[in-house]
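Enquirer: Add chains B and C to chain A, keeping to what the hints say.
Chains as they are written, first to last, in my numbering: chain A, 1 to 303; chain B, 1 to 649; chain C, 1 to 198.
Think of the hints as simulated: they come from the structure by calculation, not from any bench.
Values in this document were obtained by computation on a predicted structure and should not be read as measured data.
Treat the hints with care, since some could be wrong.
[As the list claims (entries may be wrong)] Calculated pairs, DSS-like style, for lysine-lysine (alpha carbon to alpha carbon, straight line, at most 25 Å): (1) B:Lys-563 with A:Lys-79; (2) C:Lys-88 with B:Lys-626; (3) B:Lys-626 with C:Lys-90; (4) B:Lys-564 with B:Lys-368; (5) A:Lys-65 with A:Lys-105; (6) B:Lys-626 with A:Lys-79; (7) A:Lys-65 with B:Lys-638; (8) B:Lys-220 with A:Lys-79; (9) B:Lys-220 with B:Lys-210; (10) B:Lys-368 with B:Lys-310; (11) A:Lys-79 with B:Lys-568; (12) C:Lys-2 with C:Lys-88; (13) C:Lys-2 with B:Lys-638; (14) B:Lys-638 with B:Lys-571; (15) B:Lys-220 with B:Lys-370; (16) A:Lys-105 with A:Lys-158; (17) C:Lys-170 with B:Lys-626; (18) A:Lys-79 with B:Lys-368; (19) A:Lys-79 with B:Lys-370; (20) A:Lys-65 with A:Lys-158; (21) B:Lys-626 with C:Lys-160.
[Stated by the list, open to error] Covered, in the sense of this in silico footprint (three residues per stretch, anywhere, with C-beta under 8 Å from a C-beta of chain B), are these stretches of chain A: (22) 57 to 70; (23) 77 to 85; (24) 177 to 183.
Cβ coordinates follow ideal geometry from the N, Cα and C atoms, glycine included.
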Amino acid sequence: MKIKWVILTLIIAITTVLTGCEPLKVLNPKGPQAETTADVIWISIMTMAVVVITVIALYIFYVIKASRRPDDYEPPYIKSNPIVESLIVGVPVLIIIFLTVVTVKSLYVVEAPPEIYENQEPLVIYASSSNWKWHFSYPEEDIETVNYLFIPTNRPIKFKLYSYGPISSFWIPQLGGQKYAMVHATTTLHLAADVPGEYMGRNANFTGKGFAEQTFNVKAMPPEEYEKWVEEVKATAEPLTKKKFDELLEPGHLGQLTFTGNHLGFSPPPMSHGEMSSDTEETDSGLSMQPHESKDKSGNESD
Amino acid sequence: MDFFNRFAIPNPTPTIYASMVAIALTVIAVIIGLTYFKKWGYLFREWLTTVDHKRIGIMYLISALLMLFRGGVDAIMMRAQTAVPENTFLNAAEYNEVFTTHGVVMIFFMAMAFIIALMNFVVPLQIGARDVAFPRLNLLSFWLYFVGAMLFNLSFVLGGSPNAGWTSYFPLAGTQFSESVGTNYYMWALQISGLGTLMTGINFIVTILKMRAPGMTLMKMPMFTWSALVTNIIIVFAFPVLTVTLLMGTFDRQFGTNFFTMTNGGDDMLWANLFWVWGHPEVYILILPAFGIYSEVIPTFTQRNLYGYKSMVLSMVIISLLSFMVWVHHFFTMGQGALTNSIFSFTTMLIAIPTGMKIFNWLLTIRKGKIRFTVPMLYSLGFIPLFTIGGVTGVMLAMASADYQYHNTMFLVAHFHNVIIPGVVFAMLAGLTYWWPKMFGFMLNEKIGKWAFWFISIGFCLAFFPMYISGLDGQARRMYTYSAETGFGVWNMISFIGAGMMAIGFIIIVYNIYYSIRYSPRNVGDDPWNARSLEWATHNPVPEYNFAVTPQVNSSEALWDAKKNGHKLFKGELKEIHMPNNSGLPVIMAVLFFVFGFSFVFSIWPGVILSGVGIFSSMAYQSYMKDRGKHISVEEIKETEAKFGGGKK
Amino acid sequence: MKINHSQPLEYSTEHNRFSILGFWIFLGAEIMLFGTLFASYFVLVDHTGNGPVGAEIFEITPILMETIFLLTSSFTIGLAIHAMRVGKQKAMITFFIITLLLGMGFLGYEIYDFFMYVHEGATIQTSAFTAILFLTLGTHGAHVTFGLFWGSVIITQLIKHGINYETANKSFIFSLYWHFLDVVWIFIFSFVFLKGMM
Chain A
1 MKIKWVILTL
11 IIAITTVLTG
21 CEPLKVLNPK
31 GPQAETTADV
41 IWISIMTMAV
51 VVITVIALYI
61 FYVIKASRRP
71 DDYEPPYIKS
81 NPIVESLIVG
91 VPVLIIIFLT
101 VVTVKSLYVV
111 EAPPEIYENQ
121 EPLVIYASSS
131 NWKWHFSYPE
141 EDIETVNYLF
151 IPTNRPIKFK
161 LYSYGPISSF
171 WIPQLGGQKY
181 AMVHATTTLH
191 LAADVPGEYM
201 GRNANFTGKG
211 FAEQTFNVKA
221 MPPEEYEKWV
231 EEVKATAEPL
241 TKKKFDELLE
251 PGHLGQLTFT
261 GNHLGFSPPP
271 MSHGEMSSDT
281 EETDSGLSMQ
291 PHESKDKSGN
301 ESD
Chain B
1 MDFFNRFAIP
11 NPTPTIYASM
21 VAIALTVIAV
31 IIGLTYFKKW
41 GYLFREWLTT
51 VDHKRIGIMY
61 LISALLMLFR
71 GGVDAIMMRA
81 QTAVPENTFL
91 NAAEYNEVFT
101 THGVVMIFFM
111 AMAFIIALMN
121 FVVPLQIGAR
131 DVAFPRLNLL
141 SFWLYFVGAM
151 LFNLSFVLGG
161 SPNAGWTSYF
171 PLAGTQFSES
181 VGTNYYMWAL
191 QISGLGTLMT
201 GINFIVTILK
211 MRAPGMTLMK
221 MPMFTWSALV
231 TNIIIVFAFP
241 VLTVTLLMGT
251 FDRQFGTNFF
261 TMTNGGDDML
271 WANLFWVWGH
281 PEVYILILPA
291 FGIYSEVIPT
301 FTQRNLYGYK
311 SMVLSMVIIS
321 LLSFMVWVHH
331 FFTMGQGALT
341 NSIFSFTTML
351 IAIPTGMKIF
361 NWLLTIRKGK
371 IRFTVPMLYS
381 LGFIPLFTIG
391 GVTGVMLAMA
401 SADYQYHNTM
411 FLVAHFHNVI
421 IPGVVFAMLA
431 GLTYWWPKMF
441 GFMLNEKIGK
451 WAFWFISIGF
461 CLAFFPMYIS
471 GLDGQARRMY
481 TYSAETGFGV
491 WNMISFIGAG
501 MMAIGFIIIV
511 YNIYYSIRYS
521 PRNVGDDPWN
531 ARSLEWATHN
541 PVPEYNFAVT
551 PQVNSSEALW
561 DAKKNGHKLF
571 KGELKEIHMP
581 NNSGLPVIMA
591 VLFFVFGFSF
601 VFSIWPGVIL
611 SGVGIFSSMA
621 YQSYMKDRGK
631 HISVEEIKET
641 EAKFGGGKK
Chain C
1 MKINHSQPLE
11 YSTEHNRFSI
21 LGFWIFLGAE
31 IMLFGTLFAS
41 YFVLVDHTGN
51 GPVGAEIFEI
61 TPILMETIFL
71 LTSSFTIGLA
81 IHAMRVGKQK
91 AMITFFIITL
101 LLGMGFLGYE
111 IYDFFMYVHE
121 GATIQTSAFT
131 AILFLTLGTH
141 GAHVTFGLFW
151 GSVIITQLIK
161 HGINYETANK
171 SFIFSLYWHF
181 LDVVWIFIFS
191 FVFLKGMM
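So here's chain A without its partners, still in its complex pose (with noise of 0.2 Å):
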């Protein structure tokens, strides 16, 4: 019996703590794509709660009853009833077709350019993974910057991800879900911030002995600021060579560093996902062109 009693405690504490004090990151959204995804999951969590409830409530209703049988109770054969049956079958059916619903609604909500900045030009930012860093490009400033990200707020980003190594996953849980960068194509996530702040990001998917560590913090300021912030870049900062991002690529961590120029000139990202069947031979060519080639030295040959 204590069982029950445990779960029921269980849920109650975690209802508290979701909706406590100090709220989870995933539901405590500051941009719109992590909205969508929280208000999803708010729902599907009411729903979940609805069917935990009635299961146990059965269950908890079903083994008192049958754990207080008098002595002579000889339990019946029992026939299935169709009826029974397909109430249990019909009534997932319908949670199913509305969670159903949600997730297609919402997937192509997260999956597009957030609507509410429908009419502004998106900040394209090349972000791109390798042991054990981060390296945001910049294509319209013209800089780059490692292990940390600068954005400005109300305005949509789009993301284009690839990696120099294995794959990660690019993730910042205040403003929207993750997306894996990968070696053979550039995937695209849509962001965007409401509200400026620091947010934790970092890659999602084990790559290996410093993943761990491989995080980068976000900063989403006023546009005013951020323009202020690129100009301050591009007075100051170094430009970033290919021989210096060679020795970036090389696994290990760095700290932040920031530099003018960027690494899309000689080094250019693979075709993105739907490229990738339609236009092989320049996705090769796409592939030759990046410096995996020289990181390569280490070889495939396992002696």
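Expert: Same frame as chain A, now just chains B and C:
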């Protein structure tokens, strides 16, 4: 020197050296013990070469328990490392090895083995057969599994453990990022044991389809047998995918091919896809037999028939089909676009329907029943609410847009442990306790068993529920450490405490086994649980030939039918029984496979060639061998039956 | 051993029937194995990196020869099983030997083919495409090679023991295996070679 360098551990620590010494001492102690008590012959003749499905089952069981210990120690180490922020108990390299081996050992060498152990022991008894269809192949299956498990564990002391996660995503698992032979071990240990699993699959499908007692139509099979049939069908269709995938991985690592590399057209996404095309069905390979066990235990201890037999079967068949259509949900974040993700979200959620059907059927079984709170029943009662919570979080994860936030976080870790532990592990413990008297002729102590249950379930809740929260707070999985500011500390500490409680629970189970061996009464009768299916119609423990006379069945609850409705199970006279002979060849092949795998891991080609030739020669020898088995005479049967308390059963 | 004479010899005992069913299930697993290889092949066929594409290295003559050898051998193993059914041991063994010789011919051409690919600069390490090409063909080739050994073992048993319920069972199962390899080859021929050359 170069040759020997490869055997060195890449990240040696005192713990590993201590373990090496401990392993060496244990091996020496076992060898001395066996020699001193002159048990080598007994061990070899009666166990290692046995083709008896019951003994093979018990060997699987012992191996599974050993692996549970290994995987459990890994788990405790992980929880200990992350219990407090910035902990230095393990470094990153060690932690990566530990969580990789935890995953591989628990899935392949513990859970699979446990499930196959119970299938081996129970299925032939439940269908009234004398053994499986191919007894010698069954022994070979066991040995291949065992060789795989040993090879994998060897990596700990020779050459280094794999450290790219149990999913071994490339390019991380390629030689460029995983230089040690660890991942080679992964490839070959899984390849060899996977071969054994495939053979088990074929063996049990034939057994169940062809060897059922007269009168037992497919729709009169006990539910556990049904689950075994469906599971083995999934095995046969899923494992070849793993075979090819591992082969490609091996080629990439050892022959310099470019399947998943970063250059020359290699495609890292292909590994992820292929791995999960096998990997998702694998989840159901584990959970369906667990469902089968609950479907045996719950009717027995509510003392009524299983509600909705047909829908239980149907739901399993549907689950098995759907299991091949959902693999993409393991990487919704790969950027396939909204349409693909929508489709796979939908197919994934569909699985909730047959699973929900099962949950409700169990609830409806309890409804008019009369519960006896035995240990197996406690696990089943713990399973229903806990698994429901795990199941609904699964539906939450299936919603792709939300999954972008759960993916790769502790939320996911919480979810799959929430289905695997109350689902599979509870079922294994329930099944172990339930069938224990069938295996050994005495019961496990109920009181101690209940203590273990409470420790494990409460420990489970403490260990895994906090992960849901820390996951939503942004804690990615597989992080060996985190800073204090993140605020994850509290949750991880609770987790650690829970893990500790679970460990205590398992220690209590081990103690229970010891205690019961010493003190449990031996004359428990043939049917101590007042059970319903055919395996309880024979003696405890079961004689070599299972049933003196082949039973005649006409309902899905054959024994209950016999007890309540006076159906006569055993008609006809005693006849001579034909049984297969024991065989040493699988042991020899096991040694050869071990040499093969080991040599391949270290690229020692002469060893590969010699053992490869040896394996083929053994197969040819097997083909030439004339072994038509042995016959147990009527007198012998009568003698055995008399020893078990007389009476023709 | 109970022999049921109303059934064909290869099905005549319980164990024989188990073996044949078991082997059919094994072939199901084999379909998945080759299915996975084909699926991977279709994914990787355009991933040629700096290496050649299929059309540049495929040559029709050896492929046609291989196809003819294997198709014919599938026919002769069928004849062998027919001879077995009518109890003609000599004919059966002869057809068995012809089958294996044709299999060897196939293998010879395949090995020649492999050397040609390597000669043209398409080794297993060249690109993802060449890797999956070699792996798919190689897996099939390895199956044929295994079949040659297996077939030889059966022939020696046929010579020694004649046609009985055991050898009949083994031969029949071998014939299933051999036909299966033929079917796989037809897929390889159509979807790897013909498609690649078009």
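Enquirer: Any of the earlier hints contradicted here, and which numbers?
Expert: The structure conflicts with hints 5, 6, 7 and 20, although it agrees with all the remaining ones.
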